[in-house]
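Protein chains: 2
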Amino acid sequence: MIDLRNQAAVVGFGYVPFGKRGQYAEKGHLRLVVEAVAAACADAGITPADVDGYSSYYTPIDPPELFEAFGAKQLRYTAQTWGGGGSSMCGAFQNAAMAVATGAADYVVVHKVMTMEAGARYGQAFGQMGQGVPSIGGPFQYSVPYGLQAPGQMFALAARRHMHLYGTTTEQFAHVTMHARAMAANNPEARFRTPITVEDHHASQMIADPLRLFDFCMETDYGCAVVITSAERARDCPHPPAYIASAAVGAPFRYGNALMSFYNQPDEDFASSGQRAVAGEVYRMARMGLADMDVAMVYDHFTPMVITSLEDFGFCAKGEGGPYVADGNLGLDGPLPVNPHGGNLAEAYTHGMTHVNEAVRQIRGTAINQVPGATNVLVVGGAGPSPTSGMILTGSPE
Amino acid sequence: MIDLRNQAAVVGFGYVPFGKRGQYAEKGHLRLVVEAVAAACADAGITPADVDGYSSYYTPIDPPELFEAFGAKQLRYTAQTWGGGGSSMCGAFQNAAMAVATGAADYVVVHKVMTMEAGARYGQAFGQMGQGVPSIGGPFQYSVPYGLQAPGQMFALAARRHMHLYGTTTEQFAHVTMHARAMAANNPEARFRTPITVEDHHASQMIADPLRLFDFCMETDYGCAVVITSAERARDCPHPPAYIASAAVGAPFRYGNALMSFYNQPDEDFASSGQRAVAGEVYRMARMGLADMDVAMVYDHFTPMVITSLEDFGFCAKGEGGPYVADGNLGLDGPLPVNPHGGNLAEAYTHGMTHVNEAVRQIRGTAINQVPGATNVLVVGGAGPSPTSGMILTGSPE
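Chains as they are written, first to last, in my numbering: chain L, 1 to 398; chain B, 399 to 796.
In case anyone wonders, no lab produced these hints; they're calculated from the structure.
Take the hints with a grain of salt, since some may be wrong.
[Claimed, not checked] Straight line, CA to CA, 30 Å or less: simulated BS3-like cross-link-like pairs of lysine-lysine:
1. B/K471 with B/K425
2. B/K716 with L/K73
3. B/K471 with L/K318
4. L/K73 with L/K27
Just chain L, with the same shape it has in the complex (with noise of 0.2 Å):
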C-alpha cells in the first residue's frame, strides 16, 4: 500500500474579486477560471504554462480549453469528481494529490467557477436548473412533483428533523450566521461584513420553513484556483507549503441528509451531514484527530448544515451542535475556531474553494483573523449532494 500522506501540497492559490450575482456574466466562466489560474500561479511561483494537470469538480470548464490559453506544452492529467455542489471538493484535491505524488504530473491545479451566464441557477427548481429540458429524470422524478424543487427545500426538511429530535432551535440556526458575519468584519474582500443580530436573523424572509434568507450562502460569481504540486517540488515555491495530510471523499449507504427525497434512509441518518464516515477516513489517513487541529473550514452553505458538519466531524455530540454553536465555540477564542475568514456565509460562496484558501492562510500565517502558531487545519466539504468529502492541511508533514 502506497501511504499518500504528505506526498502532495498546496503551494499556491488565487481568484477573481468575488462578484454579485451576474456581475461576471459577459466576462465567462472561462476569463474567469483563466485570471484565478494565472494568479494561483504567480503565487506558487510558476508560469500557468507549468501547470500540466486539471483536476475539479462540478465545473463548466474543459481541461483542454484551460491548458490552450496558456500554452502549455502538454495537458498530462484531468479528473473530475462526482456529486453536485461542493460537496465532493476535497475529492478533487485528493485527485491533485494522487496525480502529483505518483508523477502523472508537476502540477495540477483544482479550478472551480461560477457565474450566471449559463441559465444555471442555485436556489431555483431543479427544472431549470440549467438542464435546458422540459422533462425531470433520475431520483428528481420522485421529490419534484411533492415540491422538492430546490436546494433550500431539501435541505429545510433535515434541519426541521433536526429541531425535531434535538430540540435544535432557528436561534441556534442564527448564531452560525451571526459568528460568519462577526469574522468577516475586518475582511475587506467579505461580501456581508455588516453583524446581526437574532432578531436581524428571524427579521429575514422565510424561504423554506425553517430557512430564512440569513440561513443561506449569497449567491456569488466567481473564479479560484489552487496549485497542487509534489512535497519535493513544493519546498522550492515561495511560501510555507501546506501539505495534504489526508484527502477523502465518501457516503455511506442510504445516505440522503437534505436529499431525503432520493433515498429512504434510517432516522439516524435524516438529521445527519452523512459525514461521520468521510470523517473517520479523513482522521485515520491523516493519523491525527480533531484534537489535533488548529483551526477548522466547514462548508457552510446552509446554517443547520454547518451543525450536522460539527457534529458528525467529533466537534460535539450527536444532537449538541445547536447549543454547540449558539455557546461561542466557532470564535476564535474557542477550542476550535471555525471559518475566520467568514465562510460561504459571509465572504463569498465559492462552493469551498475559499475555505482552501483560507487553510493555506492560517497555514501561512497571513490570515486576517489569525489563529497563531495554526499548523493543522481541517476542510469539510458539504453536507448534502452524495457523496461528500474532507480533508486536513499541514504546514508540519512530520
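Please build the complex by placing chain B on the supplied structure of chain L, with the hints as guidance.
Relative to chain L, chain B alone:
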C-alpha cells in the same frame, strides 16, 4: 516520487450482450451498468457490495446511484476523466489505479454505458447531441456554422489531410475494416462477422468524404464494467491479474487532430492522432517499449485514426501507416497483432471498454484469437477529442 507501476491490477470484467442501436432503451443506463458491474464482480470473485469506488469517463451514471443499487456500505472514491467519446478512457483506469494503490478504496469499478434512450446520438449534428439546447457555445460555435457538426465530418478532414501529405488511400482504410471483420469472424459475440473486401468497402455509402460507412464503427447499446484492485488483493482473486504497468492521459499544445476546427495547429499535427506525447508517457511509466508488447488494442472508431494511432505509438514511421495496415501487419501472424477481438469496427463499439476486456483475456490466455504467451498488452485510447490516453497491462509484474 511514488511509483504506481504494477501497484494495481484488473481482476474482473463484465458486460451485457452487445445490442443494436436503441435495443436497451427501455432497460436504461442504470440497469445496464448494474448488470455489467454484477458480472464483473462475479468474474473478480467479489460481490458488488465490496465495490467502494467508481471511476469513468463521459458517463451518464452517478456513482451514488450505483453504490446504492448494490447496498455497498460506503462509497470511498469517485472520479471522472474529462474528454469526449473514448479518448480519455485509460485515464479512468489511471484514476482507479491511484485510488486502490493508495488505499483510498479497496475495489474500484470503471464503467461505461450507452443506450439511445437519452436522446444523445453519435454521428448526429452537435446541436442534437443531447445538449437539449438550441444554441451552441464553446469551440463548436466556430465550426458548426461551416458544416463540421458531427464526428464523422471532423475526422474526415484529418483523413483527407493524411491522404494529401502521405499518399494514404481509401484502399488502405478498407484494410483496417477488413482486418477487424477477419478477427471477428470466429467471435460469436461480434456484431459484424461477415468478411468484406476492398470492393465491399468502396461500395458502402459515402458518409463524409473520404469516409464511407465501413470506415465508421457501429453504434452499439452496451454496458461494461471492469474491476481494479491493489496488487496485494489481486493475488487473491480467481483469475491471473492484469497489472496496470502504466496508464496516462495527455494532449499536446495546439492539439487538434480531427477536431481541427477547434484549434489552429501546426501542419504535422493536422494529420496525426495527437498521441505521440501520451505514447511516450505510457512507455516511460511502464519502463517498456513497443518491442516489449505482445498484442495491442487500438481504439478504432474511424479507420484512418487507427493508421495515425499506429504511427504515433511507434508501430511504423510517420506517414507509413497506410502501407503498414494494408500489408497485413495487424494480423495474428504480424509483428504485433492488433484487436484480435474485432475491435470497435466489428465486435462492438463500447468506447474502448471491450479493448480492455480483450487485453485481460489475452493475459489470462482465454481469448478466442489468443496470441500465444501474451504477457504485455498495449491499450490505445481514441484519437480525437482532447485529451487522449493509453495504458499497458501486463501479466508479469516484474
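Hints versus structure:
1. Only pairs whose Cα atoms come within 30 Å are accepted, and B/K471 paired with B/K425 is accepted, the gap being roughly 26 Å.
2. Between B/K716 and L/K73, the direct Cα distance comes to roughly 21 Å. Compliance with the 30 Å bound is thereby established for this hinted pair.
3. The hinted pair formed by B/K471 and L/K318 meets the criterion: a straight-line CA distance of about 21 Å does not exceed 30 Å.
4. At most 30 Å may separate the alpha-carbon atoms for a hinted pair to count; L/K73 and L/K27 meet this at roughly 26 Å.
In this structure, every one of the numbered hints holds.
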